[in-house]
Amino acid sequence: EPEVTQTPSHQVTQMGQEVILRCVPISNHLYFYWYRQILGQKVEFLVSFYNNEISEKSEIFDDQFSVERPDGSNFTLKIRSTKLEDSAMYFCASSPLGQLNTEAFFGQGTRLTVV
Amino acid sequence: GNSVTQMEGPVTLSEEAFLTINCTYTATGYPSLFWYVQYPGEGLQLLLKATKADDKGSNKGFEATYRKETTSFHLEKGSVQVSDSAVYFCALHDFGNEKLTFGTGTRLTIIP
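Heads up: the protein sequence lines correspond to chains A and B, in order. The first sequence begins at 10 in my numbering and counts up one residue at a time. The second sequence begins at 7 in my numbering and counts up one residue at a time.
Bound conformation, chain B alone (with noise of 0.2 Å):
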């Protein structure tokens, strides 16, 4: 079946650091992949997606590559910001049902 394994948590950086939140899968399929966030008393929010290999989701800084030959859809940004902290959640989508598979999350906290 599918799986995500994510970066295991908290992770604590300073401001300006560079982050890096390792995300890998396990699909039946050829899936598309997903960051979502949840900041603080709010919902999952989509950060980025890609849906095919090689492709590169962006956004608010934040980048991350769907490498199909490692199986792995890792989280980086240049620079974080203490706006950044919250909970990074990896995820995948197969084709053929409605489901996403979800990783743990991971916490992030950014201290000026």
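Chain A extracted, bound-state conformation (with noise of 0.2 Å):
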């Protein structure tokens, strides 16, 4: 059964450190989404990418934020400078028509600690 496969599952980073989390969508999804759940807290919308853009994108998803699909295969979440506040479990996830019309499919996250 097809999945989105994100590495690594556990990153740690210094404070101030460039990270680039990686996703792997479903082959033939068209949209793609990164989340994010800070210990405890909710799971969080960050942005969602359609047709080499963004499309939507949340008030967390500052210019530390970018995204990027380098290539037809993965699709990344680069963070520029983390802050302690920055760690969380990343999640990414792919959907074939949009949230409007079908489901979105999940990877199993990126647990991201910032020291």
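Note that these hints are calculated values from the structure, not bench results. Check the hints yourself; a few may be wrong.
Stated by the list, open to error - Simulated coverage check for chain A against chain B, where a stretch passes if three residues somewhere in it have a Cβ under 8 Å from a Cβ of chain B:
id, stretch
1, 61-72
2, 83-96
Stated by the list, open to error - Computed beta-carbon distance windows for the label pairs:
id, chain 1, residue 1, chain 2, residue 2, range
3, B, 20, A, 25, 47 to 57 Å
4, A, 80, B, 84, 41 to 51 Å
5, B, 51, A, 83, 19 to 29 Å
6, A, 22, B, 75, 27 to 37 Å
Stated by the list, open to error - Example chain A residues on the side facing chain B (calculated, C-beta under 10 Å, incomplete):
id, residue
7, 12
8, 15
9, 52
10, 54
11, 79
12, 100
13, 104
14, 112
15, 113
16, 114
17, 115
18, 116
19, 118
20, 122
21, 123
22, 124
Just so it is clear, CB atoms sit at the ideal spot from N, CA and C, and this is done for glycine as well.
Put the two chains together into one complex; each comes in its own frame, and the hints tell you how they fit.
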């Protein structure tokens, strides 16, 4: 069964460093998403991506964040200068037709720890 | 704005017990409602959904009914199994945007 794959499963980084979280969405999907969950808090939407551009983003997704689909298979989230409060579980998701029409399929998450 | 409030966890039950995990929502429009489940080491998986009032979503013995009058979508199962141990997330999708709005998740542990 096709699945969304995220790497690494756990990343530890020093404050101020850049991190790139990687995702391989399901191959025929067109919509891609990043969500995050700070420990003990809600899963929060960060950004959606369609047709090689951001279609929607939350207020969390400031200039420190960027997304890219560098080739036909990967979808990455970059945090330019990490802060302690960026420590969270980051989930990637994809869907074939967009959330209005069909469900999103999620990866297992990358736990980011900023020290 | 939209929000989802779900039952605080963790919840621990014995096998074959009845399960209820409460979920209420606030939405500006007329949302679709979802329950997602995350088993250990895996991603979030859609468990069930309902798209309009009084719809009942069901899957794997779990059920939830979309109650517009009480803005609720409580998850129930008549007889839980050890394999149901997971984190359960209530979520909504409102028309006009691409995002899901999630609750905090409820960790369920079933003991034999």
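Comparing the hints with the structure gives:
Check result for the stretch 61-72 of chain A against chain B: holds, 3 residues qualifying (beta carbon to beta carbon below 8 Å, three or more required). Only when three residues or more bring their CB closer than 8 Å to a CB of chain B does the claim for the stretch 83-96 of chain A stand; here the count is 0, and the claim is violated. As the Cβ distance of residue 20 of chain B to residue 25 of chain A is approximately 48 Å, the hint placing it in 47 to 57 Å holds. For residue 80 of chain A and residue 84 of chain B, the hinted distance range of 41 to 51 Å is satisfied, since their beta carbons lie about 47 Å from each other.
The hint said 19 to 29 Å for the Cβ distance between residue 51 of chain B and residue 83 of chain A, and at roughly 22 Å that hint holds. Between residue 22 of chain A and residue 75 of chain B the Cβ separation comes to about 48 Å, which falls outside the hinted range of 27 to 37 Å. Because the smallest distance between the Cβ of residue 12 of chain A and any Cβ of chain B comes to about 7 Å, under 10 Å, the interface hint for this residue holds. Contact between residue 15 of chain A and chain B, as hinted, is supported at the beta carbon level, the nearest pair being about 8 Å apart and thus within 10 Å.
Of the supplied interface hints, the one on residue 52 of chain A holds, with its beta-carbon coming within about 4 Å of a beta-carbon of chain B, less than 10 Å. Restraint check, residue 54 of chain A versus chain B: the minimum CB separation of about 4 Å is within 10 Å; hint holds. Hint on residue 79 of chain A is violated. Least Cβ distance to chain B is approximately 21 Å, over the 10 Å limit. Checking residue 100 of chain A against chain B by beta carbon gives a least distance of about 6 Å; that is within 10 Å, so the hint holds.
At a threshold of 10 Å, the smallest CB-CB gap from residue 104 of chain A to chain B is about 9 Å, leaving the interface hint in force. Hint on residue 112 of chain A holds. Least Cβ distance to chain B is approximately 5 Å, under the 10 Å limit. With a least beta-carbon distance of about 7 Å to chain B, the hint placing residue 113 of chain A at the interface is held under the 10 Å criterion. For residue 114 of chain A, the interface hint holds, the least distance from its beta-carbon to any beta-carbon of chain B being 8 Å, beneath 10 Å.
The interface hint given for residue 115 of chain A is met, as the beta carbon of that residue sits about 4 Å from the closest beta carbon of chain B, less than 10 Å. Using the Cβ-Cβ criterion of 10 Å, the hint placing residue 116 of chain A at the interface with chain B is satisfied: the shortest such distance is roughly 5 Å. Given hint, residue 118 of chain A at the interface with chain B, holds; its Cβ is 7 Å from that chain's nearest Cβ, closer than 10 Å. Nearest Cβ of chain B to the Cβ of residue 122 of chain A: about 18 Å, over the 10 Å cut. The hint is violated.
The interface hint given for residue 123 of chain A is broken, as the beta carbon of that residue sits about 21 Å from the closest beta carbon of chain B, more than 10 Å. The beta carbon of residue 124 of chain A is not positioned within 10 Å of any beta carbon in chain B (closest approach about 24 Å), and the interface hint is therefore violated.
Of the numbered hints given earlier, the model fails hints 2, 6, 11, 20, 21 and 22; all others are met.
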